[in-house]
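Chemist: Sequence:
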Amino acid sequence: MEFHQFIFEGFSFHNGQLLTKDKGAIYLAPKESAVLLFMLQNAHTVISKDAIIEHVWKGGLVSDESLTRCIYVLRRTLGHSRKKRFIDNIYGKGYRFVPEVQVANLPEKAVQPTLTANHNDMTAFDASVEKRTCNIALFIFEMQHRYQAISLHDQLIDWLHCLDLPINVVSSCLTRSVQDYSSYLSAIEKSQADYYISGMEIRHGENSIIRIELTRAKDHSVLYREGVRFTSDHHINYRLLCRAILTLLSVSAPVI
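This note's numbering applies: residue 76 is where the sequence shown begins, and numbers increase by one.
Be aware that one or more of the hints could be misleading.
[As the list claims (entries may be wrong)] Listed next, with one range per pair, are the computed distances between beta-carbon atoms:
1) K293 - N164: 45 to 55 Å
2) V121 - S141: 12 to 22 Å
3) K293 - S156: 50 to 60 Å
4) H79 - T208: 36 to 46 Å
5) S226 - R291: 26 to 36 Å
6) N164 - R291: 40 to 50 Å
7) H295 - G99: 29 to 39 Å
8) Y166 - C237: 45 to 55 Å
9) S252 - P105: 15 to 25 Å
10) T120 - Y147: 16 to 26 Å
11) T120 - C248: 34 to 44 Å
12) H309 - E264: 27 to 37 Å
13) D233 - T95: 20 to 30 Å
[Said to hold, decoys possible] In silico DSS-like links for lysine-lysine, alpha-carbon gap of 27 Å or less:
14) K133 - K106
15) K159 - K96
16) K158 - K124
17) K106 - K124
The set of hints was computed from the structure by calculation and includes no laboratory data.
Quantities reported herein were computed from a predicted structural model and do not represent experimental measurements.
We put the beta carbon where it would ideally sit given N, CA and C, even for glycine.
With the hints as constraints, model all of the structure from the sequences given.
Modeler: In structure tokens:
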């Protein structure tokens, strides 16, 4: 079985991962990744908004605003500017991916996700090693703004579910309603989680850090802690948390 790798303007994209030579892996939300893939598959072709929504959201109820947000994030991630255009908005018609795109075929074994980045990013998590699939529970982080915590939780659950890693993600139905320690224990027991990820916002003046932990469920031992400094940009915060969570998962690799 073969997979396609798309190469353009110093980027490569395959198996849902956007890679750069100098910055390593850049992690996109599942919908952003799907929009980018569809545009790469149809480079230089004007694609209507309806066609993108139908293909990516599979006919689900979604507003143009959701697509606009995805395009905005992709443009900023790729470095779209007047001098270096990536995604053009063709007024009244849709969008067009501008750069030349080379398509290479990769064998299946070449696209197993070994996730690495530079020294400031996560350590490697090699999912090609045969391991027992484990259950991971992600709890809503304790944050000052509850709506932001719920939104991040929903995005991160979606992202974890789409990763091609040897993990089963516990349903958010069990993890989103946790209010205290006893309900934590109940959710862990019901889900039969092997590990769980929790987090707390620590504020000092205008600075905010999310301290997240990977904990082994059977004895509640903390295996690893990671701090993420939040910015005013929700999308940047999301990507930073993705990287931090991959670091946590890499710690669990030897014991899965």
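Chemist: Confirm or reject each hint.
Modeler: Comparing the hints with the structure gives:
A hinted range of 45 to 55 Å holds for the C-beta pair K293 and N164, which are about 52 Å apart. For V121 and S141, the hinted distance range of 12 to 22 Å is satisfied, since their beta carbons lie about 20 Å from each other. One distance hint, 50 to 60 Å for the beta-carbon pair K293 and S156, holds here, with the actual separation near 51 Å. A hinted range of 36 to 46 Å for the beta carbons of H79 and T208 is inconsistent with their spacing of about 27 Å.
The hinted range of 26 to 36 Å is satisfied by S226 and R291, whose Cβ atoms lie roughly 28 Å apart. Look at N164 against R291: about 48 Å separates their beta carbons, and that is inside 40 to 50 Å. Taking 29 to 39 Å as the suggested C-beta distance range, the pair H295 and G99 conforms, at roughly 33 Å. Hint check: Y166 to C237, Cβ distance near 33 Å, so the stated range 45 to 55 Å is violated.
In this structure the hint that S252 and P105 lie 15 to 25 Å apart at CB holds, the actual value being about 23 Å. Our hint of 16 to 26 Å for T120 and Y147 holds, since their Cβ atoms are close to 21 Å apart. Between T120 and C248 the C-beta distance comes to about 40 Å, which sits within the given range of 34 to 44 Å. The hint said 27 to 37 Å for the Cβ distance between H309 and E264, and at roughly 33 Å that hint holds.
The given range of 20 to 30 Å is respected by D233 and T95, whose C-beta atoms sit roughly 23 Å from each other. A threshold of 27 Å between alpha carbons decides the hint, and for K133 with K106 the separation of about 11 Å falls inside it, so the pair holds. A threshold of 27 Å between alpha carbons decides the hint, and for K159 with K96 the separation of about 18 Å falls inside it, so the pair holds. A C-alpha spacing of about 24 Å is found between K158 and K124, which places the hinted pair at or below 27 Å, so the restraint holds.
Proximity of K106 to K124 is assessed by CA-CA distance (about 14 Å); at most 27 Å being required, the pair is judged to hold.
This entry does not satisfy hints 4 and 8, going by the numbered hints stated previously.
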